[in-house]
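Asker: Residues per chain, in single letters:
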Amino acid sequence: AQKVTQAQTEISVVEKEDVTLDCVYETRDTTYYLFWYKQPPSGELVFLIRRNSFDEQNEISGRYSWNFQKSTSSFNFTITASQVVDSAVYFCALSEWNYGQNFVFGPGTRLSVLP
Amino acid sequence: DGGITQSPKYLFRKEGQNVTLSCEQNLNHDAMYWYRQDPGQGLRLIYYSQIVNDFQKGDIAEGYSVSREKKESFPLTVTSAQKNPTAFYLCASSIKGQGDTEAFFGQGTRLTVV
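Taken in sequence, the protein lines are chains A and B.
Counting in the numbering used here, the first sequence runs from 1 upward without gaps.
Counting in the numbering used here, the second sequence runs from 1 upward without gaps.
By construction, these hints were calculated from the structure, which means they are not laboratory data.
Pair by pair, the computed Cβ-Cβ distance ranges are: (1) A:Thr31 / B:Tyr10: 35 to 43 Å; (2) B:Ser22 / A:Ala7: 33 to 41 Å; (3) A:Glu59 / B:Lys57: 29 to 37 Å; (4) A:Val14 / B:Asn18: 42 to 50 Å; (5) A:Val14 / B:Lys70: 45 to 53 Å; (6) B:Asn18 / A:Asp29: 35 to 43 Å.
Sample of chain B residues facing chain A (criterion: CB under 7 Å; computed from the structure): (7) Leu43; (8) Ala103; (9) Gln107.
Below, simulated DSS-like cross-link-like pairs (lysine-lysine); rule was C-alpha separation at most 27 Å, straight line: (10) B:Lys57 / B:Lys96; (11) B:Lys71 / B:Lys96; (12) A:Lys38 / B:Lys96; (13) B:Lys71 / B:Lys9; (14) A:Lys38 / B:Lys9; (15) B:Lys57 / B:Lys71; (16) B:Lys57 / B:Lys83; (17) A:Lys70 / A:Lys3; (18) B:Lys57 / B:Lys9; (19) A:Lys38 / A:Lys3; (20) A:Lys3 / B:Lys83; (21) A:Lys3 / B:Lys96; (22) B:Lys57 / B:Lys70; (23) B:Lys96 / A:Lys70; (24) A:Lys16 / A:Lys38; (25) A:Lys38 / A:Lys70; (26) A:Lys38 / B:Lys57; (27) B:Lys57 / B:Lys14; (28) B:Lys14 / B:Lys83; (29) B:Lys57 / A:Lys3; (30) B:Lys9 / B:Lys83.
All C-beta atoms, glycine included, are put in the ideal place defined by N, C-alpha and C.
With these hints in hand, go ahead and build the complete structure from the sequences.
Answerer: Laid out in structure tokens, this is it:
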């Protein structure tokens, strides 16, 4: 069965600090996909990144970076030099390659960036 | 603009009533999904549809029904059988119903039972 764990329920940082959001997943499939979404106060989930299980390269996009480690089943998300606009709930999600796709979401981490 | 439109944004329902949440997409996506989000919790899948006229139950389908008569529309009905319907409902779509495509979300409908 698929499962996504985000152990950090809430994190507070001061602006310009770096922050890492943890994500640990469970799956029996060898082909799977991992995602991060941001949910600002407006409620809509905003897609940030997709990573497939065969690509363990880390990715950087501006102040955002992602570290994928299959050995520890983790897909962590780091925000460098955080800003107030980064305040949101962040969800990690997992999807397997099959008909009847089902995104399994973690419980989310609420990030508060204080000025 | 392409996207997913959910309506209404806020919805109030009396106990014992059925209510239908609208979800329309103009992204030409094959797959569509309904999720429920409770305060402080993640998203739970209610129903999903890979193609027109076909849909599958998710983890918490009891008390809900859907239809997929058109590619762009996937309405969700919350029936009186749903014991605790107060929640935030999110509709999503993806290009195809396979794992390698991300889902795009609407802005959600907040349903409150009064």
